[in-house]
Amino acid sequence: MILTGWEAVFFWVFSIAAIFAALLTVMARNTIHSALFLISSLVSVSALFILLRAEFIAGVQILVYVGGVMVLFLFVIMLVNVGSEERGSEEIFNHPRQVTTSVIFCALLVGGLLYAINVGYEGLQKRDETAVTVAAGQRTADEQNLPEAATGSSRITKETERVGSGLYRYGSLPFEIASVLLLVAIIGSVMLARTLKQEAAVDDTAPEILQREAQHDPEIAKLQSTIAQ
Amino acid sequence: MLVFFAPIDFINQLLLKFFSAGTINHVIWPFIQIGLVVTIVAGWVAYATYLERKISAFMQARLGPMRVGPWGLLQPIADGIKLLTKEDFIPEKADRWIFFFAPYIAVAAAFITFSVIPFGPDWAVITDVNIGLLFVLAVSSVGVLALILAGWSSNSKYSLLGALRSSAQMISYEVAMGLSLVGALMFARTLSLSGAVNAQQLDSVWFFVYQPLGFLIFLVSGIAENNRAPFDLPEAESELVAGFHTEYSGFRWSLFFMAEYAAMVIVSAVAVTVYLGGWYFPFVYRLTEAKGYHNLYVIVSLLVFISKLLAILYLYFWLRWTLPRFRYDQLMDIGWKWLIPSALINIVISALAIFVIQALNGWHGIKTIDSLSAGLNLTATGKALMIVMGLAGLGLTGLSLARINWRSRDFNLKSQRRNIRLVNVPKGKPAVAPIAPAASES
Chain A
38 MILTGWEAVF FWVFSIAAIF AALLTVMARN TIHSALFLIS SLVSVSALFI
88 LLRAEFIAGV QILVYVGGVM VLFLFVIMLV NVGSEERGSE EIFNHPRQVT
138 TSVIFCALLV GGLLYAINVG YEGLQKRDET AVTVAAGQRT ADEQNLPEAA
188 TGSSRITKET ERVGSGLYRY GSLPFEIASV LLLVAIIGSV MLARTLKQEA
238 AVDDTAPEIL QREAQHDPEI AKLQSTIAQ
Chain B
1092 MLVFFAPIDF INQLLLKFFS AGTINHVIWP FIQIGLVVTI VAGWVAYATY
1142 LERKISAFMQ ARLGPMRVGP WGLLQPIADG IKLLTKEDFI PEKADRWIFF
1192 FAPYIAVAAA FITFSVIPFG PDWAVITDVN IGLLFVLAVS SVGVLALILA
1242 GWSSNSKYSL LGALRSSAQM ISYEVAMGLS LVGALMFART LSLSGAVNAQ
1292 QLDSVWFFVY QPLGFLIFLV SGIAENNRAP FDLPEAESEL VAGFHTEYSG
1342 FRWSLFFMAE YAAMVIVSAV AVTVYLGGWY FPFVYRLTEA KGYHNLYVIV
1392 SLLVFISKLL AILYLYFWLR WTLPRFRYDQ LMDIGWKWLI PSALINIVIS
1442 ALAIFVIQAL NGWHGIKTID SLSAGLNLTA TGKALMIVMG LAGLGLTGLS
1492 LARINWRSRD FNLKSQRRNI RLVNVPKGKP AVAPIAPAAS ES
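Chains as they are written, first to last, in our numbering: chain A, 38 to 266; chain B, 1092 to 1533.
Hint data in this document are derived by calculation from the structure and do not stem from the laboratory. It cannot be assumed that every hint is accurate.
Here are some, though not all, of the chain B residues that point toward chain A, as calculated from beta-carbon distances under 8 Å [to be verified]:
id, residue
1, Asn1221
2, Ile1222
3, Phe1226
4, Val1235
Anything over 10 Å on all C-beta distances counts as not near chain A; from chain B, calculated [said to hold, decoys possible]:
id, residue
5, Phe1101
6, Trp1135
7, Glu1143
8, Ile1146
9, Arg1153
10, Pro1156
11, Phe1180
12, Ile1239
13, Ala1259
14, Gly1269
15, Val1296
16, Trp1297
17, Val1375
18, Ile1438
Positions of the beta carbon are idealized from the N, C-alpha and C atoms, including for glycine.
Chain B on its own, in the form it takes in the complex:
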């Protein structure tokens, strides 16, 4: 096994003959890692289109692409060639410079973020900065700019409407996304993404069991942040032709496509890292690293990370072909009346739970906290308590928000209730006195 995974050390030896150790560590290896990540993500983007078509086809009892190559496996390559050889069209009234640059901003914002994602331990992470999570949120918020600029510079009604929708949507959901991560950060005690994984490894638990509410909010707002169905209003093809990229064609259009799929990977990677333990999986360390197979450990961890990532990405495809698109007011309702308040409640509940755990530690001989050196490490009692409190928080938040939002127009339920009230059908909660005679309702 050791021989099989030796190439990394072999390459290092080879490089040492030409460069100094510092250059290799700080320049050459990062460039190799960056090249690998960019290649793999670009390949993923190509095959994500294939996967999306196949999954949608299977869900609708069709076959999907079958003609190009076996099972249509070469379809993405054919699509790529088509997109690259198409005319790159710039509308006459467009703002040329911004029209030209917007796709590059989108791609840059999506790809830069990969530099801080910990794909695995040791050499599988490009860089570990101590503001990792903040960096991811900050750079992905720059992606909104690209959509707005693309929509505005096209000088077309559909594009502008798509851009306005997307900016309103992404700003609203960014708030919920940022707030939902705070709860998990209280357990990780660091903003570094590798630090979050280490905390989960030391605690041998995935944070979504402590933070079921935070995980749910993050997933929903992540899907909305990526403009994927059912939140794909910015490019709603049945209303806005294609939204902000209506006027784009060929290569520039494919750049937007690439940015969208790369951003999907980013959000899933953050969800996996913060809530699903990142590259940590039980027993992997004990079976590989502890027995001296270091490179095997890194590779197995990498595979663990990728399989978790694919599971979350499948959720994207699954939801896209399962749920219909939300109306604009429903979208804003979910964002502002459900996700943001529950994210705020989640912060309060997590802080209270941690306070309770700390207060219980050492009371009547109960021991809840193991150590605070890297993240909040709990003992078995502490873990059980924390899981119970997390679930209770989820239930409490859901119930209280359902009560508060009872009268709001979420999913247009209120108007349905009102109609029921007005025709005097006794159902559900006793209604207030009808404001108009029942006869007028028809």
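Chain A extracted, bound-state conformation:
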């Protein structure tokens, strides 16, 4: 896919924003600032997903990572990391040595990526020119009757439907396995976080369960007697 006009402009704006936000994530002194730069980076990447016509993944990226995961990150950072934040509140960036290291690593990464992309692109070009043209022509023909997007050069696709039917028709087993994994994680965290003792302490258990447990756990028996009063 070759980007033209406004799409190229958007691509460069968002990719540069993503790289710089990622760099600042490493450089920032304050953990909250780091988290914020990570959020900016994620948003820029989701904009790039839209340019790749993967609207569904872009939406899910914002919903899950920015709206869910990062909010919990901030939540935890706020509660845990108060002391170090107080000490370092004057400086915005890390020490010069750390910044230099991260800049060097970023430059190496960018260089490596650019090299790899160029090599890969050449390989693509060489492989089968006719097949690429045929596929591009097929795609254009498919998109002919779809509505136009706001930039004028691309179309509003039906990728979301394709993702849904693909996931449930051909990928239903991995999908179910992943959901079982998540269920195990949820139940495990609940089991680890809430013991019977804790529940009894806040008076959130059925009396008969408490009585049964109290027979072979002296601590619960003690708790039970305090609740009863």
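Please build the complex by placing chain B on the supplied structure of chain A, with the hints as guidance.
This is chain B only, laid out in the frame that chain A set:
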């Protein structure tokens, strides 16, 4: 009539003299639409404060604002001038940059969402993306960030507590909100909001009759998501001064206010679009578009959408002055023990109902499905069956959850029951044997 609604075509002709057709369609018209929507929403925010005061006043047998202008109609303007000319105060210990940016994140998250809401057919919708509903949920979830950052950067106890409460609350209720929409999506068969309205128009039914449970869950979690009373714990004025915006003043404070009221409109607009038929109303198409009055059709549909929106928004004001604020544990109980399980049950029941409808189609000459081209279009038999199954699902879910949560501390009923049990008053369900002698309870 045609002459009266001609200006839109007239403006288009005028613009064609200066720009190419592509520029007009993709740049100029969207900008006009965006400008209109932003202006109208900002105006609504100003007058929502007036409405809120008037409604609360009438509910408490008072008059409300009466001094500025006739019936106090100019009160919002006076308030606006006051807020804009007030000192913009930044606390010394605050994190300046985040304190500065948080209100803008809130406003941006609230206003961007308006770009995908279908206010009406044809030119009354800014853009129709195929992830419309996902986009609304995603962008409004970014709004939580603004509250957390505002609360944290203020470096004040009240603000931080408000921010922590709001993040816990909004994350819990976002889950129920997202899940409750899945049932309606099964009928719409698309994530696009215009697509949902089209499906309801073709089916000539509003989805809340198929999805009474989903509609209820969405409304409750929507009110909680907006931090409105009775779920206004993040800014509980009697406990936390003003919650996350305690340290904000003047213009920045008014931005938070604007974001809150705009988010209210967003949630109501999604509720209207997905469950109440959006801009669709029976007979409107037949009386206008079919007779050739296209612009009249769009405008009447727009008015239909706005009146439905106002009805839902009135519900917000009504509830605010009717119900007392929930305690924090009650809030979490409603979210996790009632709304999320019932949203999950709703998904299962809707899928089962659709499966039954599909299985019945063509069995012994019964015809239930009309077509599947745009949404799930049912025949009269199918509709009746679906409505019955929706109501049965609502009742079943309510009963089973009431049974499961019988022992939980919802509304502190359990401790009341326990007290009743312990003093040996036979009442309601037979209780288990008291765990302590009745005499110790006093």
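Structure-inconsistent hints, enumerated in ascending order: 12, 13 and 14
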